[in-house]
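S.K.: Start from the sequences, fold in the hints, and give me the full structure.
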Amino acid sequence: MPLLAASNLQKTYVSGDARVAALAGVSFSLDAGDFVALMGPSGCGKSTLLHLCGAMDRPTAGQLLLDGRNLAALGDDELTHVRREQVGFVFQFFNLLPTLTIADNIALPCLLAGVTPQEADRRTRELAGRVGITPRLDHYPQQVSGGEMQRAAIARALAHQPALVVADEPTGNLDSDNGARVLALLVELNREMGITILLATHSADVAAAAKRVLRMKDGMFE
Amino acid sequence: MMRLFRQFILRPLLRDRVRTATTIVGVALGIAVIIAIQLTNASSVRGFETALEAVAGKTSIEIVGSGSGIDETLLPSLGWLREFGVVSPVVQGDAALVEPDAVGQPDGTREAGRPRTEAVRVLGVDILRDQPFREYRLLDVGAGEPEVTTQRFLQLLTNERAVVITEKLARRRGLALGGEIRLMIGDRVVSYTIRGLLKDEGPARVLDGNFALMDIAAAQLAFDRLGRIDRIDLLLRNPEDLQRTLVALGPRLPAGIEAQRPARRGAQVETMLAAFQMNLTALSWIALVVGLFLVYNTVTISVVARRQEIGMLRALGVTGPQVLALFLGEAAALAVAGTVLGLGLARVLADAAVALTSATVSTLYIASVSAPPAMTWGHVALAAGLGLPLSLLAAAVPALEASRVAPTAAMHGHDTLEMRVRLRPVMLVAPLVVIGAAAGLARLGPVNGRPYFGYVSAFAIVIGASLIVPAVMFGLSRASRGFLRGRLGVEGLLAHANLSAAIPRISISVAALAVSLSMMVAIAVMIGSFRDTVVYWVGQTVRADLFVGPGVRPTVGSEQTLSSEVIEAVTRHPDVVAVDSFRNLDLVYNGNLVVLGAGHFDVALSRGALLFKSPSNARAAMRAAIGQDAVIISEPFANKYGKHDGDVVGISTPNGPREFRVAAVYYDYSSDRGVIVMDFSTFSRYYGALPPTGIAAYIKDGVDPERVRSQILAGLDEGHRAFIYTNRALRTEVLRIFDSTFAITYALELIAIVVAMLGVAGTLLTLVLERRRELSLLRLTGADRRQVTRMVMIEAAMIGAVSQGVGLTMGLALSMVLIYVINVQSFGWTIQFHLPTAFLVQSTIVVIAATAVAGVYPARRAAQLILSQDE
Amino acid sequence: MRCRILLAILAAGCVVAAQGGASWREASPGYTFAFPRDHASHPDFKIEWWYYTGNVAAKDGRRFGYQVTFFRVGVDPAPANPSKWAVRDLFMTHLAVSDPVGKRYRYAERLSRGGPGLAGADVERYRVWNDDWSASLDDQGRHRLLASDKGTGLDLALDEGRKPVVHGLGGISQKGAEAGNASHYYSLTRMPTRGTITVDGERVEVAGESWMDHEFGTSFLEPDQVGWDWLSIQLADGRELMLYQLRQADGRRDPRSSGTLVGADGRVTHLAAADFTLAPGGPVYRSANGATYPVAWTIVLPSLNLNLKITTPLNTQELSFEGSTGVAYWEGLIDVAGQAGGKPVMGRGYLEMTGYHGNLGQVLSGR
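Residue numbers (our numbering), protein chains in the order written: chain A, 165 to 386; chain B, 18 to 888; chain C, 702 to 1068.
Hints are computed from structural coordinates only; laboratory data are not their basis. All of these numbers come straight from a predicted model, not from anything done at the bench. Treat the hints with caution; some may be incorrect.
Subject to a maximum C-alpha distance of 30 Å in a straight line, what follows is the list of computed DSSO-like cross-link-like pairs (lysine-lysine) [claimed, not checked]:
#, chain 1, residue 1, chain 2, residue 2
1, C, K785, C, K851
2, B, K75, B, K185
3, B, K75, C, K785
4, C, K760, C, K1010
5, B, K216, B, K75
6, B, K75, C, K851
M.R.: Written out as structure tokens, the structure reads:
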């Protein structure tokens, strides 16, 4: 059974009288350990698809099975629990709460999920070591560089050991050195920890690092 | 610009109804409380003054005596007054309307106080002389009489049981022409025949129609004032000669009699109530301050929630000043709506406030009407003059912030996050300087008998404490992190982080709430201390077993006396071993109304227990004063007029001004007007043998005072009604009066706190809106609605806790100023400081719970935020 | 016989007195007058008045008339209320000054209760006062009148002149059919008078002759009597005449109308209704309040061959106290001309006309 299976997934935004079809019926599946890159121009629907897959939003129509559960049928609280337990995410920017230290940010999903502070702390230190930001743990987000922020975001995305990590342009806001470092980190995590990654990007370099590339246009796969 | 204002400001205001409504209600409450207190204060004084004016009629000058009225035999010798105009002798007083159902049940069993009765102002005149003075319009005196001649009018009144009442009173109480009306005066219940009804004109308007006209002879009998009249009204032939006539009359009048304008009594009452009312006024301002804080909040929310839109406007070419104008316009719109609503609300609040204060005013000072006066354009102007400019001032800070938003704010992702502000030394130094100044101001004396510096000192404490809030919050932020994280889990961690980051933003909310709470604390401490002091004082000084007073409570301008029947019934009771009768008079001292009392010093010394302030051998000094031209004075009198034992006080007596030596100063909390007490023998020598206004009786040891009381009451006939308190009942009554006096204070406080709660809700809403993206991120990270709600509520409770903490400290400081400065200077009495611990603990819990509740709405808003990064 | 004025007050007195147990003394035959004691007050009678009218002139011959009347009307002989203000009596005093040359007529009133000495009438010695107005007997046995109000006033000293004349028969002047409806009534019919009169602030020294009535009793009138016409005349031939005529509701003359003639020698003749006619005729005066007064009269005493025409040089001599007591009547100086026993005779006097305004019977019955 695939980790994620979408069939005829549709998402329509209603704004006033206008209806915008962000997703016009897409079907695909993702196996555990996969690393898929979504590519396409701005407005092609890749972010919408990412949000649906990350249990951040519900489709207008269609079915989306994550680990056998239909996300389309879940309520807000259930989606929250899905995110809390099964999904991690990394965005282009604003991944971290500015009021919390890097350490607290990384530990946050664990704490929210009810993991003991000691366990959360252990995982935080371990992941910080992995992504290479241990010295920055007691800093606040605005005190560290963009690359460090993204690496911390990745650590946070992994802290609660999710089945799926969705990443929306995770390197889009970084210079090429830092971008490369972050990308390498994702590749490494996918390879060494078997974490499933669904990633949206404009960059062909990034896409090249994925195992699979899906191209989108006007809310459909090409 | 107008279009921009409509679209950019008004429309969102209409859309965000809760927030808009909250703010408008907040401003409205602030305005309403101020206007309501103005109206309430006016109601007691104006009530007295309008009654005075209505009764004074065309009177240009009144001639009054020192002591209890004027000896009527002086009248023929005052015939020369005719040179100036016409004169009319007047006997006036207040009676209580006896409820039909209460007849024959002279309160034999209950320990309760006097029943609440309607006061009726009784005017006794010689109608033959009085008609030029006052407009009496008789409604209908009988079959087919076209007009009422003076002589016919006299005929209606010429009987000691005849009375003319107002049509209004008759209609209200279902009384009819020819029917009976029962009036209680002093301790006597008398049935009168209604011989006429007055239209609602002239004196009939007094006390909302609670007016009765009697013949002067009937009034003398009713008020036990045979041989005396209360005053002589003089209507000048040439009214423009008023000032000259006053001067001319002075030297020609006999000793102990003086001429004054009728309005002077109003001025005296005004002075008497000034301290009480000034305190209320000061309190009412707190509500406005808090209301303005809401305006600040709302405009801040607008600015914060729409930074991007503002940025867009700026990018489109709207200038900074235009943005400033837009948000000031928002404040103005809110202020106008709030002011209009507030004026409407003021009416309702005034009714409530009058209901709360009229009991006090009429218990302690004067008979008043329990309806506030009509609102005037002056009140509207005051409301507008306060509401609008102050709202604009409150909105200036956020509006300036808005005008400084950069055009780049419109661009997604380039919003500048608020930087963490560090604690700077000035944040500690400035408030400490202000608080130091407050301490200095508290040491300054009164100005014109008013504690102006005390109020400034209190204000400085408020400012200083408000300024120190950020520093306190920084400190607390450091200290509380571990606790919150450990005890309240991830929500506690998040709440702490959020609040710590938002200290500049929430400091204003905390300060506003703390100010409100501090007032509550201060007043609670002051009242608690005062109450404790009074309880102690009552316990020490109230020694007699029974206290007998007339059925009608005396007020200024209306003495109520005991009749010989009642006095005898008490004296003759076999278990009564000693009796001390006392007599009170209103006395004008230095232009103010004080109380002149007379008691039997020997009985008071042997059986009573006055608490003396000075001298150390006060009891001996008091004993030496018996029969001498010496008095003892109450502490408020001593403080107000700067008199001490050994000094001399000049008192006007029926024999002219006399000097009395102050033998001692005693503690007294029964009257803030100040009391001068003479031994009865001295008093009688100067003021004649006047009936007592009360008696204190001592009974045999071991006898149940309750039984003696019942027996005395049972022995009284139908026509006499006295109120007898046992020692215990009197103590209860004193505290009941005490508590009812301060009911309004608590009510005002409650309003201020409610408004402050709205403020907390608003602040949290600001924070929620400001942190939309963070909250969204939090939700994405896996926080469910419950966790978000809990987090916001913890933040709210934290704000409450900090505010209460600051408020408590500030409040204790304020209470010191209230107790040791304002009270002493405006009322003149010493209050022993006492901490009402239980109340403070309870209020702390209530405040924290209440602020947490105030967080519910913002919390729900936070939890409902749309989960998206790119909306 | 100045009863009209009293009727309204009398009615008031009745209502109140009915409540008390005490009662007033009634005038009864056999009363013996003694002077000067009887000048003083008789408080056990309900109603009492002292009535002065006079024709006087200034040195330059300018003529004036005056009237001062002190009424005491008992309200309650023994008030239950011990207050001095309790109304035992009402004191009503009327002052009027006539200036026929200047066509001026000024009047004023004082209405008071006794109170703590504000108004009263002494019993021991003749002194009656109402505020600052008073009538009294001085040490020389002269009557002193003192009254002034806003530029109108008088200050007069009156010698008693002739002896007091007691009216009626057996010391009693009968007014009604019932026994008690009577009074004790005497007059001083020609009192040499001097002093000052003030009109509109103008003070004039005057001298002339006055007439004083003093009457006291308890009940005077009957319900069907609507008014009176009364006059006092001092004839130049040394005689004085007093007549009163009671008018009934049906317009007829009451049979108890009567009068007194005092001869030049002082002899007193009682005149019964049948002895004289008193008839209006000629001009009338319509006052502002709507009353119509006949200001010219003819007197015929057939038995004495006396025919007198009464006219007045001043029509407007009406006192009207609408607001205070509702009392209105005409009281003024008159000129008398006619013949006595075929010879022309002149005289002066005062005429009183009552009951021309309002309904006397209604007021009388207290309704």
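S.K.: Against each hint, give a clear statement of whether it holds in the structure.
M.R.: Hint by hint, here is what the structure shows:
| no. | hint | result |
| --- | --- | --- |
| 1 | C:K785 / C:K851 | holds, 29 Å |
| 2 | B:K75 / B:K185 | holds, 23 Å |
| 3 | B:K75 / C:K785 | holds, 26 Å |
| 4 | C:K760 / C:K1010 | holds, 28 Å |
| 5 | B:K216 / B:K75 | holds, 18 Å |
| 6 | B:K75 / C:K851 | holds, 20 Å |
Hint compliance for this structure: every hint is met.
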